[in-house]
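Respectively, the protein sequence lines represent chains A and B. Its first residue numbered 3, the first sequence is counted upward by one per residue in my numbering. Its first residue numbered 264, the second sequence is counted upward by one per residue in my numbering.
Worth flagging that the hints you see were computed from the coordinates, not collected in a lab. Small disclaimer: the values here were computed from a predicted structure and weren't measured. Cβ atoms here follow ideal geometry from the backbone N, Cα and C, with glycine treated the same way. Mixed in with the good hints, there may be bad ones.
If we take Cβ atoms under 8 Å as the criterion, some of the chain A residues that face chain B in the derived model are [claimed, not checked]:
| id | residue |
| --- | --- |
| 1 | G45 |
| 2 | L48 |
| 3 | L50 |
| 4 | K51 |
| 5 | N63 |
| 6 | F92 |
| 7 | Y101 |
| 8 | K102 |
| 9 | Y103 |
| 10 | F105 |
| 11 | G106 |
| 12 | T107 |
| 13 | G108 |
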Amino acid sequence: AQSVTQLDSHVSVSEGTPVLLRCNYSSSYSPSLFWYVQHPNKGLQLLLKYTSAATLVKGINGFEAEFKKSETSFHLTKPSAHMSDAAEYFCVVSESGTYKYIFGTGTRLKVLA
Amino acid sequence: EAQVTQNPRYLITVTGKKLTVTCSQNMNHEYMSWYRQDPGLGLRQIYYSMNVEVTDKGDVPEGYKVSRKEKRNFPLILESPSPNQTSLYFCASSLIGPKNIQYFGAGTRLSVL
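So that you can see chain B by itself, here it is in the shape it has in the complex (with noise of 0.2 Å):
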């Protein structure tokens, strides 16, 4: 079954404490990306990835950091999580091209305190 699989789906953590939200496709997508959903604010764009060791900034970079090692997955790095960085949290993947649909996980529920 073709999909995007984000673990953990839930995480409580404490201000300071790295933490990494895994995100894997099964659909061999060359294009990746990570959003954060906030009440009132839609989703916005924190990182993408076109390919493999190439990443670029969102709206929303701050506080975060990502890599694209391999073709399939694309973790989402909090080196120093901080209580505004609690929220929900998608990774995507789509095709390049005319065929750009994206692809979403079930979400990560992030709390902070």
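Isolated chain A, as found in the complex (with noise of 0.2 Å):
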């Protein structure tokens, strides 16, 4: 069965300063994943996605994410943050050649001026 565990519900950085959000997952097989962001009162936006190509995925905005199977990790990561990067971060998962897509329960980011 598949599963991710996002390990902070919140974290705040200073504007400037590196983003660390940290996913870790469960999947019997090959597995695609996703970082989605929520900003307030809106809908979810792709930021990157990973299917088994390059293990450095890019994404929009500066972030990216590195898959680390041997961890079964796939961290958000991005150098500078800035205030517009305040939101909600989602962590998804889904087992390839399915399209059952588990959430996690996501980590609030605050950036502080």
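Join the two chains into one complex using the hints; note that each chain is given alone, in its own frame.
And the structure:
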């Protein structure tokens, strides 16, 4: 059975400092992994997606994530936080060949001026 | 403009009064899905559909029905709503295959009294 754990429910960073949002997954087969962002009172937008090509995935707005099979992790990073990055972030896993998606419980990112 | 449209955006109803939340997409996507979002639980998949007349249960299907009579529409039906179905609901659609990036609607906030 697949599952996903976001290790931090809240993360606070200062503007201009690095962002790290942690995600661990469990999947029986080759997973597809996604990060989505949800700004307040908005729908969800895809940041990036991993599907067994390059292990380092680059997304929009300077975000990237690295797939580490040995650690079953897919952490999201950004070198320098911007005020507009304040939002909730969801890590999502889907086993290849299925279209069932399991969302993590979310990490709320706060960016301090 | 490519979009997923949900209606209504806000709905207050009473226990037992049947309701339907509509979802429509204009991207000719085969796949459509419904999620509910609750604080601290992230998004949980209710039902999904791989194509017309093909639907499958997600993780929390109890109390919900769906239908897929046309490719563009995927309504969510609550035959007898209960207070524990008070939630924020999202519809999503995507292509099937390597480009399975889900596009989300703006959400429907439902309150069942």
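Do the hints match the structure? See the list:
1. G45: holds, 4 Å
2. L48: holds, 5 Å
3. L50: Violated, about 10 Å.
4. K51: holds, 6 Å
5. N63: violated, 16 Å
6. F92: This hint holds: F92(A) lies near chain B, its Cβ roughly 6 Å from the closest one there, short of 8 Å.
7. Y101: Nearest chain B Cβ about 6 Å off; hint holds.
8. K102: Because about 6 Å separates K102(A) from the closest Cβ in chain B, which is inside the 8 Å limit, the hint holds.
9. Y103: With a closest approach of 6 Å, the Y103(A) hint holds.
10. F105: Holds, because the Cβ-Cβ distance from F105(A) to chain B comes to roughly 4 Å (cut-off 8 Å).
11. G106: Cβ of G106(A) sits 6 Å from chain B, so the hint holds.
12. T107: holds, 4 Å
13. G108: Since chain B brings a Cβ to about 5 Å from G108(A), closer than 8 Å, the hint holds.
Going down the numbered hints, you'll see the structure goes against 3, 5, while the others check out.
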